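Enquirer: Quick note, the sequences are listed as chains F and C, same order. The opening residue of the first sequence carries number 1 in our numbering; numbering runs sequentially from there. The opening residue of the second sequence carries number 1 in our numbering; numbering runs sequentially from there.
To be clear, the hints were calculated from the coordinates, so they are not data collected in a lab. None of these values were measured; they are calculated from a predicted model. Mixed in with the good hints, there may be bad ones.
Since the list gives no way to pick out one identical chain from another, each pair is judged satisfied if it fits inside one copy or across any two copies.
[As the list claims (entries may be wrong)] When the alpha-carbon atoms are kept at most 27 angstroms apart in a straight line, the in silico DSSO-like pairs for lysine-lysine are as follows:
#1 79 <-> 166
#2 79 <-> 116
#3 188 <-> 116
#4 134 <-> 154
#5 134 <-> 79
#6 79 <-> 241
#7 241 <-> 116
2 protein chains.
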Amino acid sequence: MEAYPMNGGNGPNSYANNSFLQRFFVDWSKSMIDEAIADYLDIQICPSSNTFRIADLGCSAGPNTFIAMQNIIEAIDRKYREFEGLSGSTPEFHVYFNDHASNDFNTLFVTLPPEKPYFAAGVPGSFHTRLFPKGTLHVVYSSLSIQWLSHVPKEVLDIDSPAYNKGRIHYTNARQEVFEAYSAQYAKDIEAFLHARAEEVVCGGLVVLIVPAIPDESPPSQLHTQSMFDILGSCLMDMAKTGIMEEAEVDSFNLPAYSTTSRELKNLVERNGCFNIERIVDILPQENKMRPSVQTLSDHFRAALEGVIKSHFGFDEHVLDLLFQHLYPQKIEDTFASLTTYMEKTTTLFVILKRK
Amino acid sequence: MEAYPMNGGNGPNSYANNSFLQRFFVDWSKSMIDEAIADYLDIQICPSSNTFRIADLGCSAGPNTFIAMQNIIEAIDRKYREFEGLSGSTPEFHVYFNDHASNDFNTLFVTLPPEKPYFAAGVPGSFHTRLFPKGTLHVVYSSLSIQWLSHVPKEVLDIDSPAYNKGRIHYTNARQEVFEAYSAQYAKDIEAFLHARAEEVVCGGLVVLIVPAIPDESPPSQLHTQSMFDILGSCLMDMAKTGIMEEAEVDSFNLPAYSTTSRELKNLVERNGCFNIERIVDILPQENKMRPSVQTLSDHFRAALEGVIKSHFGFDEHVLDLLFQHLYPQKIEDTFASLTTYMEKTTTLFVILKRK
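Based on the sequences and whatever the hints tell you, model everything.
Expert: Here it is, written out as structure tokens:
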């Protein structure tokens, strides 16, 4: 399994300082989570004398994960207080922050809110595998994470395969076989994710997912993230043409990310069979009032992708700066008529699953 | 609360590469732990369908903590298998690795044994506070850690106090008031430690402690660690005299560590009242066959103390090298007639407590 976590530390290129666009989804989902917990969480799954366990899978660094955990706990707490009436007895909370072992847990730990209403633990490992003992979690949350594949599908790197993805770094505008290889890998990974969670989550426990997606009938190339990946690939090809690296190095590089559709995700959950789908709705892009500059967009992609790019191409800071401060923002600007158009192409699913 | 964890990373001065002397206690305690678990652990505190939870408090980095956790799990596993007969049903294990938030958890996580028989989590925070929800731990382990105080007693830094510790960095050979200030702080810290554990450990759960100590009737100055600290203080005074820093900087520096006696620790556990003392025995120093070179000793102290020294004096690598590669090993050599004599002065307690 490959692991390229977000950029660590607190520096100018860190995820911690380049994840405020993702914050929209944290804020937007707050009321949806309040509702979901009010409607679907049966607090009898955890008597108030026990420990209520929550996990954020693919948490990276703060502050988004801390805000999300706080929101979830407030909603659960409210539910207990209502149920228990004025006695107000609520369980103690244990929050597990999960990401790859190579994630920057040191930064996560020293930035934990000092007055947090929970006990905190970090859990290293891929969420495509088992991370927790059986039947121990009550709520699982994962925001903008399960689009990451466990690895790039092998076929797209195999020069003899019809899915070989020459000259591109993603399936956007590539041959259908490339898309199919990604789609098959996503199906396997989601099955692994759900299979592990089915073991870990108690009956009646909830799984809250925020998932980058494309509209059910739209061609994959129309999604912004793919377009952004495609533009990045085109920058890398330009760099290869100037001799910074070989074109073959771009051919052998693909981004392990996939955007599903609502229908596809539903099918995968149903095929797994362990969860009921309580909600699956679009987070409307129009509601996202953030209008980042192209440089901000580029910085956000850098915080997420620098690790995997550095590891493959061996770029130093100078070349990474050239890519993310010049070539990439310039090409984004040239491609999109306006950033509003770009933002309106975004689609994201808010999903509530309940363990049967 | 102050936090100066062991040196992080995998470099030449890291704790990971300078903790093989501590390994003796891990190996030596293995058979004692096997026995203690066989004799004192009632496996009915955790039905085999539940999760068995173990915490290592003050774990620092591997490999010692990984070996210790493996030993404990093997002993527990054996007990379940014997009890359950051939059906061999054992619980799943959740191991919590705890240390200060500024400990190098990143190194800990990437060096976790790949084939470990447990789910792993890291828990950031001081073991003088609550770290876990109520009644969730079955076995707590802490090796060579509870000698660290939550902070240096204030009086020894107060120029107007009779406990002001001028020209020294520890209570060895200092005024009685200095020793008493340290002793009072240790009593407070152990009470805080036991109070927190009393909440976290289930009834019947075990606490395994490996504790640096001095024989009941010996004066504090006869213990090796204190002598080692005293020698280090003397090196720092020498450095001040050559003008590397002011003597006042040494006056305001004290090491937050204390070696108890068996009797004192017993009294503190009894005063707390939540635990039965099942065993408290000396780990015999004669059995320790390791005969490290003075440089190895100096390197081990560096891995543990560099953080607190750097933070106080602001030394760069060059000055730290001067101290730990020249002055300190030379003075250790000059002080001890032979390292055998040094090693024979070590005393360590192996303690088993059971939650009432």
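Enquirer: None of the hints should be skipped; say for each whether it holds.
Expert: Structure-based check of each hint:
1. 79 <-> 166: neither (53 angstroms within a copy, 58 angstroms between copies)
2. 79 <-> 116: Only inside one copy: residue 79 and residue 116 sit 19 angstroms apart there, 38 angstroms across copies, limit 27 angstroms.
3. 188 <-> 116: Close across copies (25 angstroms), not inside one copy (36 angstroms); limit 27 angstroms.
4. 134 <-> 154: neither (32 angstroms within a copy, 47 angstroms between copies)
5. 134 <-> 79: Both ways: residue 134 and residue 79 sit 25 angstroms apart in one copy and 21 angstroms across, limit 27 angstroms.
6. 79 <-> 241: For residue 79 and residue 241, the Cα distance exceeds 27 angstroms both inside one copy (59 angstroms) and across copies (65 angstroms).
7. 241 <-> 116: The answer is neither: 51 angstroms in one copy and 47 angstroms across copies each exceed 27 angstroms.
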